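Letter by letter, the chains look like this.
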Amino acid sequence: MAEVVLEKALVRFGAKRALDAVDLRIADGEYLVVLGPTGAGKTTLLRAVAGLIAPDEGRILLDGGDVTRMQPEERQVAYMPQTYALFHHLTVWENAIFSPSVKGWPDEKRDLLAREMLSMVHLIERADALPRELSGGMQQRCSLARALAADAEVLLLDEPLRALDARLRIELRNELRSLIEHVGTTTIHVTHDQEEALMLADRIAVLRDGRLLEVGPAEDVYSAPASPFVANFLGEMNFFEAVATPDGAGLRLVAGGTNLVALPQKGLTGRVLAGIRAEACGIAPADWRAGQGVEGVVKRRLFMGRRISLEVETPGLGPVKAKPLTALGTWAREGEEVFVLMPAEHLLLFPLPPGGVAGALEVE
Amino acid sequence: MEEEASGPGPGGASPGAGARADRRRRLLQVLSRRGTIRAWYAGLLAFFVVLILAPTLYVLWYVISGWGLIQDLVLPNPTLVGAIGPALWLSFGVALTVAGIDLVAGLPLAWLLVRKDFRGKDWVNTIIDSPLAVTTAGLGLSVVLFWGIPWAASGSSIVPPPGALGLTSDAFLILMFLHLTTTFPYMVRSLAAILEEIEIEYENAARAAGASRLTAVRTITLPMFRSGMATGLILVIAKALSDTGGAFAALGLIGACGSGGPSTDVCNGTGLINYWKNLSADPLRPEFTPALALVSALMIALSLALLVVLKYVAQRLHFPLRRVWPGVEGRLSRGSVPTLRNLAAIGFLVGFILVPSFFFLLYGVVGTPAAGLDWRGFWGAVGVSFLVGGLATAVDLAAGIPMAILITRGRVRWLGRLLDALVNVPYIVPSAALGISLGLFWKAQRTLVPSDLVLVIMAHIAFTFPFVVRNVVGALEQLDPALEETARTLGAKPIQTFRRVVFPSVRPAILAGAIMAFTRSVGETGATVSVSTETVTIPVLIVNLIRSGSFYEASIAQVALLAVSFAAILGLRMVVQRRRRRG
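For the record, the sequence lines run as chains P and A. Here this note's numbering is used: the first residue of the first sequence is 1, the next is one more, and so on. Here this note's numbering is used: the first residue of the second sequence is 1, the next is one more, and so on.
Careful, some of the hints might be misleading.
Mimicking DSBU-like on lysine-lysine, the simulated pairs with C-alpha atoms at most 35 Å apart in a straight line are [unchecked claim]:
1) A/Lys-311 with A/Lys-121
2) P/Lys-8 with A/Lys-116
3) P/Lys-8 with P/Lys-266
4) P/Lys-16 with A/Lys-311
5) P/Lys-321 with P/Lys-299
6) A/Lys-311 with A/Lys-493
7) P/Lys-16 with A/Lys-116
8) A/Lys-311 with P/Lys-109
9) P/Lys-266 with P/Lys-16
10) P/Lys-266 with P/Lys-321
Read the hints as simulated data drawn from the structure, not as lab findings. Quick caveat, the model's predicted, so the values are computed rather than measured.
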């Protein structure tokens, strides 16, 4: 179990900076999820820690030791790629014992570890099967068992659930986390799925264009994100410009003729960018006023299973998206007049981005 | 790092096993060291350059540095000089013509094989490859018997088997008919391989958009074909240029190329090399050695130039006509036209390839034995062929696999690309010319002159080496790099990664390369005779039989050879099946 540190790690592919001077410290035994859009540099980060890419500048430290120039096979870091990369000519068992085998472990010790890992992932009955005979979920578990049996200091998972269908993904999410917790290895898990990230992580690191935007405990990053991009990436946001003035213990926000109260954040006053998550918005009939918000007309209504997605056109704040739970919002129909509730505790404030809101939210 | 047992452990591991594991680990450490790997690759490069590349190209240097000798002995001799031009013309002219015909006739056939499913498809596949089982000399005999008017040195007239067409004695036409049989399977295979890769989805998309089948194929599929077509053409041209046994046998049979017959001065390039090599054994005629060098150098230089031109043209050539003629092409795509086209393709296959290839078998039935086959000589030749082929293949594997790794996985990328190109040189160069060059190379340095047999083996190593390398390179390039990367992160050193992960995946390609190298060696005439006039391999035996007029014996020998090859392939297949079932 080791602490992983990236110190101003920089990786260039031609003119592009895949990793742009990233400083990151992952504690011993921590489960860190690196979240970001496609092309953000997440895989590059993993490969740099694994030793498959050498950073052009900066250092990688494992347990305090500088491993920047060390070969992957020396590093004690196990890497589980997106495609699982199971050795297709070897059985499940042979895949599992691969790492201790090549490291020269005595047979008994090797078998013990492999058996333990395969039992943990519930694949011990299929030990003689070849990878092509396994289902997607089983292949994932086999790849995980093989990585765990490497007895490595750090576990690197590259979108481990991506290749699975939606239902399996949710099922295995929990299993994955509890298995790794049981072993206690420092883990870096890369994904673009924010729900997955929020659910599994001790801490989340948000990456964009090779730069680390924010690192912190999942709940903190979710409820108090540092930037509009992170806020939006973790759950669709409604943004609007407002003027904030202190008012007693809180802040008065004035935007487009609407008055809202918000909690003080980051010491911001004056012209600010305010935002609220669509999921945090409630929906009430037009004449019901138990709470603050804006009134408007439902322009589009989409049933999404657990939630209802409503696009509400409001004279005060323009188009607003609300995603109440179906049980609470199913009554609202297209064309109906509604009141969008915006509780004060869910209003987030950010400094106005210089390039405009659209640029700040761009994913590419 | 976990403690490793080096004494009696809880499981009762013996100290001996511990010591052995220790030694193995230390060996692994040494072998994985950067310095060791570098030394290994340096040795490999030295092997390739000194044993394969330099001997192949040496004759070019010989001609330039020994120009004085050529000026004195060869140029003043009109017979010699006058023979070279027409010979090169014949070789290259036939090769290019045959390539063109192969392409036109091979395309519809390849299409049928890939796009259509019909009963007996497996049979058709095997049949198309069947001429490859016959030595080129046997094909030469067969082709002359079928298409040509045979001539015998003894002066007696030869009665060809019934069904012979007896159309012509023209050297160009006979060689053309011959090389259609030696090269057609290669063209069909190359085209089929590419067609299989081009997804039919593109064509379907075009047709769904309203294009007729012909238009879709012409404007969408065919352009995707381009680089593969170039490869097919290069393969075919190299094969046609290189063939010695077939040309020499066929030309001899129509009274050409040193047979003493009516057109004894007419030769193609490799035939000329064969003819002059025999004459150069005479110490009183020293002019033949520089003459051979000159012809070989010219053939090598021209083949390499042709290769470069073809590659360049393949990149730049655009299929003409973006224009579409919906009416005409639509009509050509429907109804009887495609059927007629398919029939024509099959007709070509049967009439121009299959029948002429196996026509000689009839001779075994109706011919009259002059003396009966010398079976001791036959089995001796089989032994020599298998020995040469076996050793050459073994060396090919030992050096070729590491070479393929160096090309695909080496750190110095430009070196890998350079080697990838250079490895093709012994393949492109006509093998008879290669043999001359190699012989001159080793005879030139005084300290260690290898025996004739060793020289033959070295020549065979040189031109079969590319088969192994190209096959393994292809397989390595297809391998998912994630497999090797994952293995490394799991702790496997490079050698372990190769042995446990890479090798099992490329094993089929290695086997395929080995089989190709072996069969190519066994079928080779040119490289053998141009190095040594005494080493008798099977193809040499058959050429000799044919040129001495013993057609019956040659047919019997060829049939016996077919039986031996068939048995060998069957045996190999059984061994592979058994191992697969066990493993």
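Give me the numbers of the hints this structure contradicts, sorted from smallest to largest. Hints 2, 6, 7, 8 contradicted; others consistent.
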